[in-house]
Amino acid sequence: MQTTKSIARTFTLIVSVCTVLIFSVAIGSFYHRSRVALEQEVANNAAHLVLASINRVETTLHAIGKVAEDTSRSLEIAGYHDQSLTTLLKETLRDNRDIHGFGAAFDPNPAFNPPHPVVPYYFRQGERLVFAPEDNFQHLSQDWYQIPKELGQMAWSEPSFDKASGTILMTSCSVPIFSDNGREKQVRGVVVADVSLEWLTELVASIRVLDTGYSFLLSRNGTFLTHPDRDLIMNETIFSLAESRHKPDLREIGRKMVLGESGFVAYTNIHDVSTLMYYAPVPSTGWTLAVVFPEAELYADVRNLTLVVAGIALAGILLLTAAVYWVARRVTAPLGALAEATEAIASGHFDTELPAVKSSDEVGKLTLAFTAMTGALKKYIRNLTETTAAKERIQSELKMATDIQASLLPQLFPAFPDRPEFDIHAAMDPAKEVGGDFYDFFFIDPTNLCFLMADVADKGVPAALYMMVAKILLKTEGQRLGEPEQILSRVNEILAADNDSCMFTTVFCAILNTENGEVRFANAGHNAPVLISGGQAEFLSIRAGFVLGPIAETVYTAERITLEPGDVLFLYTDGITEAKSRSEELYGEERLLQTLQTASRQELAEMIRTVRAEVFRHADGAPQSDDVTMLAIKYRGMAARNP
Amino acid sequence: MWIGLAVPLVLFWLCLAHARAEGLAKVRLMPLWSPQAQFAGYYMAREKGIYARYGLDVDILEGGPGRSPLQSLISGEVDFAVLWLATALQQNDDGLKLVNLAQIIQRSSLMLVAKKASGIAGPADLQGRKVGLWAGELSLPVLAFLERYRLHVQRISQAYTVNLFLRGGIDAASAMWYNEYHTILNAGINPDELQVFSLHEHGISFPEDGLYALEQGYRKDPARARAFAQASLEGWRYAFAHPEETLEVVLRRMREAKVPASRSHQEWMLARMRDLIMPADSSETLGHLQLAGFQAAGTILHKHGAIEDIPDYATFTGDADADH
Amino acid sequence: MDIQIAKEEKAHILTLSGKLDGVTAPAYEQRVMALLEAVPCSLIIDFASLDYISSAGLRALLATAKRIKLKGAQFHCANVTGTVREIFDISGFSSILRMHDSVAGALAAIG
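Protein chains in written order, with our numbering: chain L, 569 to 1211; chain U, 3 to 326; chain Z, 2 to 112.
If you are wondering where the hints come from, they were derived from the structure by calculation, not from laboratory data. Any given hint could be a false lead.
Partial selection, computed: residues in chain L whose CB lies under 10 Å from chain Z [to be verified]:
1) Asp1023
2) Ala1025
3) Asp1026
4) Lys1027
5) Ser1069
6) Cys1070
7) His1094
8) Asn1095
9) Arg1111
10) Ala1112
11) Gly1113
12) Val1115
13) Gly1117
14) Ile1119
15) Asp1142
Using N, Cα and C, we set each Cβ at its ideal position, and we do this for glycine too.
Assemble the whole structure, with the sequences as input and the hints as a guide.
In structure tokens, the structure reads:
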């Protein structure tokens, strides 16, 4: 069940994480794009708002400037004397209610003015117009006089608080009066219109942006003319504020403002609130009007909306996670049950019930496949059991065949206790499979003993059957023909008939004349026997001869040797020389010769045991791949017969 | 418990203060200009009871446009005034005997400021330009500077603002390092855009603000005048040691006088005052009129025909009487 | 055992390597019989890389040789040396199979 849990969990986790990622990116992008769009809209709105307000201000300021300008021009054209000048000023002031005070001042330059020119000035006091001329020359070094004079053009002065109350902002629009004597234009005096900025202060204060936004007005020098924070007004400039608050960026914004630029900037205001600000110049005066939007409030709606969306998304993700987990569990639970059932099957309980198939999905198919597989397994195991039984039966039958085969060979020793002139001994150790080695010995007549050693090609049942045939043929033909080459030729002829599979057997066939020790022999492809004579063992040099069976016309040749009393002839099959050790080393002919030489004085039975023991010692437990068969014959001579 | 203890204590102290105030000598001081950090030391001496400790009850009148400390001194409206050394020497030459009680600012902080953009890089570039000059003896150091470089300029009378300069009406403006120079910076012009000629760097060393009394007034009670000078210097030391507190007092006085009060501007001014007032090396004494500076200023004034005679240093500083 | 078959103009050359014994002989026999069924042609067995041959192997050789003979083609052995040669000699195979010192010699003999 642990596995099914972890599949469900992994699946749920991956789905949840992916969903969270997708939603995060989507909501983040939504928030960002909304902000950008909102910012754009706010920038546009702010620009409209500011420019519209500036237009209103401009209209008023321009009208005032026009009045001062017209007055100046008319003073240039007509030579006014004191009385007409004061009348002009008074009437102009009366007609222009936006102007608080109106006057004219002249340079004490004898070239175009009397040494003590008048400085007539009227100002409004309620509905009354009060005449308040100045008679010292202080105006000569005052901004309202000096600036238009030195610049030769209309100038709006830096606003200041009125002297009477100290609370109303005043500014002056002053226009130079030129004197043209034909050679050069000189400034003869200045017309000045004092203006109360109360209306402007109210106008700026009325520009409200959002709930906490505000606007402010800066003079040409960057001095705060209006600001919600009253302490700043006329006390600080945007630059002094930047200095005391250590805000170099504010100073840079301020420089752009006093240079008459307009723009939309983000900055952290003096209360450390992130804000957006739009600013634009008032062209006539060089002042700057700015509106400030606190970002937090500006983006509040977007943020709230984003939070709502994020909340819905979160709830959705939780729901999705639960649903995915539920589905995953539903899918994996049958898998778990199936796993349990298959575990039982794996441990051998083939009759374990698999969970019932409820659906046609993958799990259902898997269950069906498992059911089919279990059935197939059951069937296979049944077949296997049957096959194994059959094989075991064949094995036991083969074993019996091996036993029968062995029982065909003469095994009773001493075989001829009444013939002391020779001794014969043989042994065969069949390999696990039925093999094709065999030996035989029999008397053809009382003096001629036929003995032979054979090895049928290949192993198994065909070899065993072939061996039976060959053995019987060799014995019957042997007894009938009595000469080795004739025996081999004849048996070969019989075997070669209808031998398509080319089965063959090697045979060394010999006949001992027990009276004189002469041995006649013929060889059909068998290993040369060992002659042990006088304590020396050596291979008998014999002709090869072709194996028995494949070719009908094969001719065999008889050879002969004479055994001296005491000589031993040792016949064997390649099961001895090709016996392998654990390291695949063959026993070989040299070892056989040495073993036989050491055992040369032993009785035959003892000699054969020695060889056998040596061969098995060499094998050292390595599986025996071929029959180990040997036969030894010792000629004692006729003397042994008549002691 | 605390209140129970504190109330009688406060009452006791108030009674004591009142009693002492009764016994204080009432004197009046008029600084050169309307309230600002240029006069912080006097405000603090009064504010922190330093004057009172010296047995004085000092009333600091407001200076400013139309209110001349010199005229107030002559008319007897005030006992002491803050005046420039140049003013005092000129008055002395005209027969009005003044005693220098203490020399507060030891060197000239006056400068000519021009915009680099107007092509002014050295003194020679001022030739023929419009230069703003203050009225009267305040212009003497600048005239000495122009003389030194043999410059002929269009003299434009400059009043209390630098607006004419900011608007480009003049090429160079007179400015005090501690005041107008910073005002220009705070109108959005960067220091690297300005070409500044500090007069003291051009060999024009005019000690500026000093504390003065009429000689006849001084003679009546030299000890009181000395006490006033000492208390004032102590006030300056206190101001420099407590700049934040001092700024608050200065700004309060400015608001009371209804003059524009920029904190950063007053902070700058107080810091510059410290540079100008505190002796540069330990051999000099705070408030002591250096003979060399006195002589140099007198020589320049004499050369310009502003004065005929340089007064006796000892008499001018009132030391002659102290020796008696 | 590994069997490589190369097709020459007059004969197929089979190069045997490893052991030709009771285990591998059926494979050899099957391969050669299949080859002969498809293309009845002479065959040269190159024994140079063969380490060992058992009686089962000899029988398989004989069986294939006999089949070739029935198809009217020739069976030649080349490079029979070492242990294999000894077995050939003992069993008399050397005398009834056509033996050559090299594949080239065998090819020449067919020509």
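State the violated hints by number, sorted upward, taking the hints as numbered earlier in the document. none
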